[in-house]
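Listed in order, the protein sequences are those of chains A and B.
For the record, in the first sequence the residue sitting at position 89 is 93 according to the numbering used here, with numbers rising by one throughout.
For the record, in the second sequence the residue sitting at position 53 is 1399 according to the numbering used here, with numbers rising by one throughout.
Simulated from the structure, these hints should not be mistaken for lab results.
The reader is advised that the hints may include incorrect statements.
[To be verified] Below, in silico cross-link-like pairs of lysine-lysine (DSS-like), each with a Cα-Cα straight-line distance of 27 angstroms or less:
no.: 1; chain 1: B; residue 1: LYS1455; chain 2: A; residue 2: LYS58
no.: 2; chain 1: B; residue 1: LYS1455; chain 2: A; residue 2: LYS13
no.: 3; chain 1: A; residue 1: LYS26; chain 2: A; residue 2: LYS58
no.: 4; chain 1: A; residue 1: LYS58; chain 2: B; residue 2: LYS1386
no.: 5; chain 1: A; residue 1: LYS26; chain 2: B; residue 2: LYS1455
no.: 6; chain 1: B; residue 1: LYS1386; chain 2: A; residue 2: LYS26
no.: 7; chain 1: B; residue 1: LYS1386; chain 2: A; residue 2: LYS21
no.: 8; chain 1: A; residue 1: LYS13; chain 2: A; residue 2: LYS58
no.: 9; chain 1: B; residue 1: LYS1487; chain 2: A; residue 2: LYS58
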Amino acid sequence: MVEETNNMKELIEYIAKSIVNKPEAVVVTEEQSSERLILKLQVDPEDTGRVIGKQGRVAQAMRTLLRVMAVREGIRANLEIVSDQEIVSDQEIVSDQEIVSEAETSHETSE
Amino acid sequence: MDVLNKGKPGFLGLGAEEARVRVTKLPAEETDRASVIMAKEMLGRLLDLMRVPASVSVRELQLLGATTGHVPIALDISGEDLGILIGRRGQTLSSLQYLAYLIVSHQMKARVHLSIDVEGYRERRQEALRNLALRMAEQVKATGHSVTLEPMPAGERRIIHLALQDYPGVTTHSIGEGEARKVTILCQR
Chain A
5 MVEETNNMKE
15 LIEYIAKSIV
25 NKPEAVVVTE
35 EQSSERLILK
45 LQVDPEDTGR
55 VIGKQGRVAQ
65 AMRTLLRVMA
75 VREGIRANLE
85 IVSDQEIVSD
95 QEIVSDQEIV
105 SEAETSHETS
115 E
Chain B
1347 MDVLNKGKPG
1357 FLGLGAEEAR
1367 VRVTKLPAEE
1377 TDRASVIMAK
1387 EMLGRLLDLM
1397 RVPASVSVRE
1407 LQLLGATTGH
1417 VPIALDISGE
1427 DLGILIGRRG
1437 QTLSSLQYLA
1447 YLIVSHQMKA
1457 RVHLSIDVEG
1467 YRERRQEALR
1477 NLALRMAEQV
1487 KATGHSVTLE
1497 PMPAGERRII
1507 HLALQDYPGV
1517 TTHSIGEGEA
1527 RKVTILCQR
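Produce the complete structure using the sequences and hints provided.
If you want it as structure tokens, here you go:
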């Protein structure tokens, strides 16, 4: 199972690095409890919108692929997008809305 | 990019000559070919990372026009037990296709349209949707009551609209927003 979760991390890393402008700033960390894996994706503040997408569509698509892998392994996996709140709030309103919708969707998928 | 004249630095800015270069835009056809190769490799990589043993092939017919004529690059995934790649109502396949589109477009710095199919799923789904549309249209005509179908993504709603555009006695509309958008079949007075 350890191998499989490493793969989930790699998958998210690969996707994120392929769609941002600063791939070198992409960091994925894992937090594992008994049967739940939390992947935290951190990107350059300017790339936050790219990994979330309009109405959280990009993040949602990444979660869908993660779910396929998690179900097969019989574990639960969550994806969180970590962003520096101060920097995010300085961005345009569109980004703020994306952050909000992101929070909503992550709440939905937590069940 | 060809350098026609390297230019001269001059002396203390005197007698300097600007460099002249000819910049040739990569022909669309080459961009298309590069996109096709990139799309195929990238999808293979995604499946590897997901630990899904499957192979990816490109439908040759639609090789060109991906970046110019809005003809999608058609990729077929084949293998055993690929139901997990399709998901409920094709949701997993949609996610895979959307991420693949973002990755290739970002790398190519142009919108590259992709259409990914798994073991003929899209063909079968299209056929099923066409049949559903015709059956429901029949019912609407017979009863005079409109019928609203379950929510569908844009591509699937389009199949319903097209299937019924020449069907006498009914019209179709889409209602609702975003994920919840669905097709209504109405009796035409």
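Structure-based check of all given hints:
1. B/LYS1455 - A/LYS58: Given that 27 angstroms is the threshold and the Cα spacing comes to 19 angstroms, the pair holds.
2. B/LYS1455 - A/LYS13: Distance of about 26 angstroms is within 27 angstroms: holds.
3. A/LYS26 - A/LYS58: holds (19 angstroms)
4. A/LYS58 - B/LYS1386: Holds, because 26 angstroms separates the two Cα atoms, which is no more than 27 angstroms.
5. A/LYS26 - B/LYS1455: Measuring from Cα to Cα gives roughly 15 angstroms; hence the hint holds.
6. B/LYS1386 - A/LYS26: Roughly 24 angstroms separates the two Cα atoms, so the pair holds.
7. B/LYS1386 - A/LYS21: holds (18 angstroms)
8. A/LYS13 - A/LYS58: Roughly 23 angstroms separates the two Cα atoms, so the pair holds.
9. B/LYS1487 - A/LYS58: Cα-Cα ~39 angstroms, so violated.
In this structure, only the earlier hint numbered 9 is contradicted, and the remaining ones agree with it.
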